[in-house]
Amino acid sequence: MLRSQENENLYRGILRSLLHPLGASDTQTGLRPGDLIDHVRQVFDIDQEDHEYFIRDEIQNKPRRVQANVTVLEARDLKVMPGKEDSSPYCLLTMVQPVLKGLKNSSPKGSPKNSPKNSRKGSPKVKRSPPRSPSFDAGDVLRSQPAKSCRDPKWHEHFQLDVEDPLVDEINLCICHHDDSTTFGESSSRSQSEKTGALKGFFRNILQTTDSDHLIPGCIGRVILPVKEVPSHGFDGWVNVYPVPACSRAKPVGQCHLHVTLSLKQDSPSGCTFTAEDYHLAALLCFKQTILHLKDCESQELVLSPKSRRILDIFAVLNGISRLSQRLMELTVLLEMAGRQTSIVTNNVLHKGLEDLQMTWVSQHICCQGCKQKMPLTDTEICLYRQACRRYVAFVLQQVDSLPPLFPSSTDGFAAFKQRFSIACHLLELDLWDTDTSPQRDLSDALLAKLQADIGKWMEVHLKTLETHDLVKDAIIPEAEALVGVITTLTSHCTPLGVVQQCFSDLGVNYYRTFTNNYLLLLQVAKVVRELMMGMDKYQLRYHGFPVNIERSSRLSLSLFFAVRNFYHTVRDNLADRDLFRLTIGQFQGWFLESLVFWLRTFKTECMSRMERALEIDKDMVVVTSLVKFSNSSVDVLSCFSKITEEWRMIDFQDADSAAMGVTKITDLICDGARMYAEKVHSILERNCYYDQDHGQFDVTDRLCITLNNIEHVRQYLNELPQLLKWAAVSAHLCTRHESERVGRQALITLRRLVNTAHADILMKSSLLLREIAEKMKADLQRYMDEFLLKHPEKRSATDDVIGYLDTNLETLHARLSATIYPNMIQELWGVVLGIFDTTMLSGKKPEYYDHMKMHLKTVAAFFISCGLDEEKETNPLVTDLRSRVDLNCLSSEQLVLEYYNSLANSMGTPLEYLGHLALKMAYWFPHSRQETSMTLNVVIAVINGNDLPGLDRSGLSDPYVSVSLQPRCLFSHKPQKTKVVGQTVQPVFNTIFQFPNVPKEYLAIQGAVLLLSVFDYDRFREDDFAGEVVLHLSNIPRISMDKGVDSVPVVMMPLKRPADDARGPLEVIRDRAEWDPLCKSFLQERSKFMDKRKKCSFDGWSLRSIFNTLSHSLSWFRRGVSSKT
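Numbering (full-length UniProt numbering), first residue to last: 1 to 1126.
Warning: the hint list may mix true and false statements.
As the list claims (entries may be wrong) - Pairs of lysine to aspartate or glutamate, EDC-like flavour, derived with a Cα cap of 16 Å:
#  : residue 1 : residue 2
1  : K450      : E481
2  : K778      : D801
3  : K288      : E229
4  : K854      : D761
5  : K846      : E1075
6  : K980      : D1019
7  : K858      : E811
8  : K765      : D672
9  : K251      : E229
10 : K845      : E1075
11 : K418      : D401
As the list claims (entries may be wrong) - Simulated restraints on C-beta separations:
#  : residue 1 : residue 2 : range
12 : T839      : T992      : 21 to 29 Å
13 : R752      : R582      : 41 to 49 Å
14 : D86       : A415      : 53 to 61 Å
15 : T808      : R771      : 15 to 23 Å
16 : D881      : C970      : 22 to 30 Å
17 : C970      : M1091     : 13 to 21 Å
18 : N947      : C970      : 29 to 37 Å
19 : D786      : P927      : 55 to 63 Å
20 : D655      : L497      : 31 to 39 Å
21 : N991      : F1090     : 24 to 32 Å
22 : D786      : F1090     : 45 to 53 Å
23 : K418      : R752      : 58 to 66 Å
24 : I865      : D1061     : 33 to 41 Å
In short, the hints are calculated from the structure, not lab data. Note that the Cβ used here is the ideal one computed from N, Cα and C, for glycine as well.
All chains, full assembly: derive it from the sequences and hints.
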């Protein structure tokens, strides 16, 4: 017998649903009503006699009020009439009770065929047209909302239709055009009864139409679904839509997706319907019966049998229990059983139940766009679910202590944790909880306590490992190594992993913040690091004179610094901004200030050691690859520099003064390293006798080019230091720290000075090597250049040999040297070529020779420019001097003399030696009245006096006179004219006028046509001494008219000068030509008295005279001032 009245009522209800199924029963063996009735007896454990009694009792209780639950989901492939493409189809539903003419044959010849092949087994038969009497009774007609799409509309609307006779009633569904004139029930002016009557009339028209050629306007098609053919557990599938009317051979015009179930009316006065709580009890009994069966067959998978599943589905459909409620109650049963029978209800079974619940809810969302966000469940269902979840969570919490350690997170531990708590995570994720009833707080508190305990144990165990080195001498070294390992491991464990963080977050635990919020543990770590660094500072001071100890300890302290820095950043990222002030470990940089000096010292030691090893290994200077032009030694040196700068950027000291000191030291270290690399490379070349004098053939080798490239490659790295070491940021930090821009500017000046000095030193070494290459090529260049300088200057092709030699070598240099060195190499070779040209070019040759030289020089210069010589650097002082020399030698002798006097007249500057002044008046006029046509002119010169002339006699005085002439003599035929001799004075007064008539007018425009005034000291018994001269361009003499005299011209004071003996000027060329040119020889003889007869002034007489003149001028000015005041 049944144990309680509740179980008896449930048993009777299930038995009644199987004895009087609503719709078509399943004919499959094992799922037929009789088989299911027998299975119910096993589930409820009832005797056969009692079971037969209940069957006899319930067979009389047939269901009275039945309803059809129809959900119209969507349609597809509808055939739309032309012109109706933009219409919005809608559905009309009603329940029809046809009155047949013959009761014996309710299905005539034209009985409907099955739905399409894609309809699942057990789907109802759909009729095409009713071959029955047109008389019928129609209930209320229900109407859906218009859909947007015409061919594939979607409605997702639910309808309920009363069923009077399940054996006769048919569900009729018509799909119509919304915008057609036949649309019924749309007029707002009609009453509800009128709208209903219009819809009934439309259906009456459809059902009475038998002419297949007469289509109903506005109707796309319809579906006829007999109620008796709907499966008792419901129907969900696609059915064909046929035109109205349709013959037996009519083809479907589309398909419609329907969900149809038959259930008792929920408002039945008999009160025989059941709720989800009853379904919960039925599911519990079915699962218990399944467990007993599993124990008998030793199976481990808890799955309801097909019979149990079909019984529960029929029971739920009959009583209007939704599929979502079914899945929730089944999950609730599994959770209740999981705490007591974990061997049967495994996590896989619970996961399957959760997935079924979620998939059912998702499918409702997909099918119904207007579905609510929360699950449509009753309070009873939710209450049952919450009670089961709380019991399950309490059962899980009892096993927290048996879990593996939660910290650090390991693969095995995380897998065990996930397996134990994954179900709880998913249960809490369901939106069926409120803040007060959720068990998440209890679960998170238990896990948090477990996690904190595991963290404390881990820290205690690992910090104790530092104490095992106390008995070792200088224990600070092994302790530092151990502490680096502990902090590195701790940092890795505190680095967030997305999987771990998400898993614990679902349970309300911030896994990684749990450690960072434990400030006692952070204080403990900070204390250990600070104490160890104090011991490290003492150790380094004790062993500061031993490089090996310092290098090892510096590397350890730097590793510890990086480990602590990474740990700090990890902890900081896991904390909120408001809690950062509590991190005492954030002051870790101050603990390493003493070690900073030793780090920099270690950097330098390692850099120099690595440089020496690199040069020793790369002694043959072999290129790294064919794509670059430098060898491994420069690559190793630069990688060492990069490592130093990278480590410094990782150190990232925040203290402005410490950062500035470190950047300055690093910059100086790298500059010294680059400078030392260049010096060591040169030392290697010296050891290989590269700088020795060798008179053999010189060839540019790969090794030599690679050596230059290595030096330049290392030097170019210095240009990257401002960006790599962030000079600008360091300077700005200093300005802020000291509130003075001057401090920041001074730091930048210091850094730039270090780099610029290193640049200059390295470039000097490189230029020395380039100069040696050029000098070694000089012998070959000299041999080739002799062809056009000495042997065959007249041949245009004489430069081909030297250009060919240069082209071959420059091509080699261009291919092997880097782009920054090659221009310097060309510049050095150009200097050597110019030097050979200047020293080898012959002197005293005729102008034709120098015309050839000018041509050859231009050819060689053009070749160098084509090879990459900068045109601005091509014109250097040596080139300018050489070209000036060639141009002078190309001039004729007459032109040379003119050039000489032109240079004398152009030297208007103040002489270095003061020789006095001459007061002059000069002018010219045309002697004829028609001055425009006059071809000659007269030049007049008035020599007024001399001032402070040099005293050339022993008395300090002179006997001066002035010789006036027009020069050069080869141009003018006028003889020189002289003034009178004024004896024993340095202030002579001459007042003599000289005139030079018939001077050709065109001579005024000739550069070098001058007026020469030479001052001599008259000596009675020997040749007159030369005192000085004044040279004036004829073009500078003013013009006057014939009616005016020279007295109308202002006086000009001209200083006396003595011509310099210019070794590179026209005079030198004239000397060279004097051997074969009479004009040059006579000119030299004439100018010899100006060049050779230079007597020095008497010092004593000159001093007394200067003092006397100064006192006289001062006294005169004093008298003028007194008279003006009075």
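Going through the hints against the structure:
no. : hint                      : verdict
1   : K450 to E481              : violated, 30 Å
2   : K778 to D801              : holds, 14 Å
3   : K288 to E229              : violated, 33 Å
4   : K854 to D761              : violated, 38 Å
5   : K846 to E1075             : holds, 11 Å
6   : K980 to D1019             : holds, 13 Å
7   : K858 to E811              : violated, 21 Å
8   : K765 to D672              : holds, 14 Å
9   : K251 to E229              : violated, 22 Å
10  : K845 to E1075             : holds, 10 Å
11  : K418 to D401              : holds, 15 Å
12  : T839 to T992: 21 to 29 Å  : violated, 50 Å
13  : R752 to R582: 41 to 49 Å  : holds, 42 Å
14  : D86 to A415: 53 to 61 Å   : holds, 59 Å
15  : T808 to R771: 15 to 23 Å  : holds, 20 Å
16  : D881 to C970: 22 to 30 Å  : holds, 27 Å
17  : C970 to M1091: 13 to 21 Å : holds, 19 Å
18  : N947 to C970: 29 to 37 Å  : holds, 33 Å
19  : D786 to P927: 55 to 63 Å  : holds, 59 Å
20  : D655 to L497: 31 to 39 Å  : holds, 34 Å
21  : N991 to F1090: 24 to 32 Å : holds, 25 Å
22  : D786 to F1090: 45 to 53 Å : violated, 39 Å
23  : K418 to R752: 58 to 66 Å  : holds, 60 Å
24  : I865 to D1061: 33 to 41 Å : holds, 36 Å
Checked against the numbered hints above, the structure violates hints 1, 3, 4, 7, 9, 12 and 22; every other hint is satisfied.
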